[in-house]
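Let the sequences and hints guide you as you build the complete structure.
These protein sequence lines map, in sequence, to chains A and B. Sequential numbering of the first sequence, starting at 126, is according to this note's numbering. Sequential numbering of the second sequence, starting at 513, is according to this note's numbering.
Careful: at least some of the hints might be erroneous.
As the list claims (entries may be wrong) - Simulated pairs of lysine-lysine, DSS-like, Cα-Cα distance not exceeding 27 Å: (1) B:Lys797 - A:Lys297; (2) B:Lys817 - A:Lys280; (3) B:Lys540 - B:Lys524; (4) A:Lys337 - B:Lys816; (5) B:Lys524 - B:Lys615; (6) A:Lys297 - B:Lys692; (7) A:Lys270 - A:Lys353; (8) A:Lys358 - A:Lys337; (9) A:Lys297 - B:Lys790; (10) B:Lys615 - B:Lys797; (11) A:Lys338 - B:Lys617; (12) B:Lys726 - B:Lys738; (13) A:Lys297 - B:Lys816; (14) B:Lys817 - A:Lys338; (15) A:Lys280 - B:Lys738; (16) B:Lys617 - B:Lys685; (17) B:Lys798 - B:Lys617; (18) B:Lys667 - B:Lys615; (19) A:Lys337 - A:Lys297; (20) A:Lys280 - B:Lys685; (21) B:Lys817 - A:Lys297; (22) A:Lys338 - B:Lys816; (23) A:Lys358 - A:Lys130; (24) A:Lys297 - B:Lys540.
Just so you know, the hints here were simulated from the structure itself, not pulled from any lab data.
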Amino acid sequence: MATMKNEIDFLLHLADNALIIGHRNSEWCGHGPILEQDIAITNIALDYIGQARNFYQHAAQLINQHPTDITINQTGNNMVLPATEDSLAYLRDVREFKNLLITEIPNGDWAYTTLRLYLLSEFELQLFTQLLQHTDAQVAAIAEKSIKEVSYHVKWSQDWVLRLGDGTEESKQRMQVAIEAIWAYTGELFIQPDYATAACLNYAAIQAAWNKKVSAVFEEAGLNIPSKTFVQKGGPDGMHTEHLGYILAEMQYLQRAYPNSEW
Amino acid sequence: MEQAFEQIFQDKIDREVRIEPKDWMPEKYRQTLIRQISQHAHSEIIGMLPEGNWITRAPSLRRKAILIAKVQDEAGHGLYLYSAAETLGISRDQMYDQLHTGKAKYSSIFNYPTLSWADMGVVGWLVDGAAIMNQVPLCRSSFGPYARAMVRVCKEESFHQRQGFEILYVLSKGTEAQRKMAQDAINRWWWPSLMMFGPKDDESPNSIQSMKWKIKRFSNDELRQKFVDVCAEQVKVLGFTLPDKDLKWNEERGHYDFGPINWDEFWQVVQGNGPCNKERLDARKKAWEEGAWVRDAALAYANKKAKQKQVAA
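Structure (structure tokens):
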């Protein structure tokens with residue numbers, strides 16, 4: 126049972142990551158700096174919502190198959206049952222969300238948004254590659270599908286890091302400011318959550334691969350990795366920034382204001 | 513000489529031969545098309561805002577995904593249309609400038625606010641529905657690039673319209689609060705949707721020439737009537753009503769009669785006094801101005817790379 130609870134929590138962690146970063150990226154829709162790039166970031170948002178749905182649906186299925194001790198949230202609240210992709214996305218509160226902090230911080234400017242996406246998607250590419258070996262075939266299948274999308278996210282966001290890092294004085298400065306601001310949220314990527322117990326996972330290997338790739342891209346772009354290494358952490362355990370509450374207030378408002386309705 | 517060209521041109525039009533970008537065309541035909549296509553492109557881009565307004569609040573993940581995909585389609589339509597207009601010798605940046613300075617217009621419908629989730633249904637059903645009514649004939653527009661762009665646009669728009677209708681259908685089967693939400697949205701959007709067909713025929717200054725050039729195939733009033741006839745039937749499936757006490761089937765005409773349109777409101781919105789004119793334009797200007805450094809950097813980087821390639825070669 127402990128294993129099942131861990132798997133469910135881990136699925137919620139992955140789903141919450143996708144949902145919240147998808148939400149942030151979708152905020153750009155209609156406001157992007159270039160029409161083609163508006164389409165690109167909106168498409169990336171759509172990929173993430175799709176990933177979130179896959180992970181939530183699988184989590185819901187497992188929750189409904191094992192509806193005993195795993196349905197109590199860490200705040201002591203009962204989960205709404207039967208679980209569905211929407212009950213999991215719309216009817217859990219801040220302390221139950223398990224997303225990484227890097228996904229919830231505000232978009233900032235285009236440098237901030239593309240850098241955040243780059244740092245996150247390099248991590249996801251490594252993580253999902255390990256998940257291909259997951260003993261749950263459904264998790265492996267979702268990972269396989271997601272890798273196709275994440276590979277594109279890496280390429281697209283990496284191109285922007287290079288372009289802005291090696292573009293104009295202003296863009297370089299903005300990119301460096303973004304790095305300084307976001308860096309504190311990158312350490313959390315490599316802290317293995319207690320519930321991430323699947324045998325295929327190796328966070329040290331993820332970190333090593335990530336460091337290598339990110340350093341190479343930063344070097345090519347002429348950007349500096351900050352020397353200070355303070356790590357903001359807690360998201361996967363439900364300890365969030367103040368920003369997440371506003372995201373959920375906005376995202377969940379219809380489900381909360383009109384409970385038990387079909388949409 | 514000019515007259516001979518004009519004769520050949522009109523001949524082609526009359527024989528339904530498409531005009532292509534490199535063909536000779538009267539300057540006024542070119543200008544009319546630039547005005548119409550760019551206005552259409554701007555409408556797609558501005559039109560992303562009222563629906564984009566609900567992406568972060570969509571009530572289910574399925575609805576959220578559909579809405580994101582839809583708004584993204586609108587951006588894609590803007591892209592084809594800007595490209596079609598560019599074949600006439602105007603750049604996208606020039607068109608943006610015309611939009612931002614108020615020289616170019618866009619469809620006034622997007623100057624109305626989206627106040628509830630039901631608006632996503634109604635915008636699909638009525639606004640996209642009216643757009644399709646206007647746009648299907650444009651697939652046979654005499655100007656080739658426009659006609660071809662419109663074939664794809666219309667396919668996607670009819671999908672959007674079905675999605676919108678489906679949102680309303682689900683609301684119509686929902687709770688009392690949901691049904692009220694939907695009826696209220698229909699009430700707010702019905703008349704502005706009818707205005708989307710433009711002024712009455714006798715007050716539409718550009719129409720006659722456009723019909724002769726086959727840029728336009730049906731008059732504003734003909735299309736508006738067709739739209740009313742379709743919607744008056746569809747609303748019955750939803751179990752809602754259209755907010756017009758004069759709406760009534762006229763056996764003799766074979767059409768629905770409908771009440772008078774508030775043209776004063778129409779012209780007010782066209783002149784910039786609609787509820788969201790300022791917000792919509794400000795949002796676009798902000799995106800453009802705040803994106804300037806991004807575009808500059810992308811250009812500088814591309815130039816740098818091109819130079820490096822040259823040196824290497």
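Here is how each hint holds up against the structure:
no., hint, in the structure
1, B:Lys797 - A:Lys297, "24 Å, holds"
2, B:Lys817 - A:Lys280, "17 Å, holds"
3, B:Lys540 - B:Lys524, "17 Å, holds"
4, A:Lys337 - B:Lys816, "25 Å, holds"
5, B:Lys524 - B:Lys615, "32 Å, violated"
6, A:Lys297 - B:Lys692, "52 Å, violated"
7, A:Lys270 - A:Lys353, "36 Å, violated"
8, A:Lys358 - A:Lys337, "22 Å, holds"
9, A:Lys297 - B:Lys790, "33 Å, violated"
10, B:Lys615 - B:Lys797, "14 Å, holds"
11, A:Lys338 - B:Lys617, "47 Å, violated"
12, B:Lys726 - B:Lys738, "20 Å, holds"
13, A:Lys297 - B:Lys816, "14 Å, holds"
14, B:Lys817 - A:Lys338, "21 Å, holds"
15, A:Lys280 - B:Lys738, "48 Å, violated"
16, B:Lys617 - B:Lys685, "38 Å, violated"
17, B:Lys798 - B:Lys617, "18 Å, holds"
18, B:Lys667 - B:Lys615, "30 Å, violated"
19, A:Lys337 - A:Lys297, "21 Å, holds"
20, A:Lys280 - B:Lys685, "45 Å, violated"
21, B:Lys817 - A:Lys297, "16 Å, holds"
22, A:Lys338 - B:Lys816, "23 Å, holds"
23, A:Lys358 - A:Lys130, "22 Å, holds"
24, A:Lys297 - B:Lys540, "46 Å, violated"
Hints 5, 6, 7, 9, 11, 15, 16, 18, 20, 24 from the list above are not met by this structure, while the remaining hints are.
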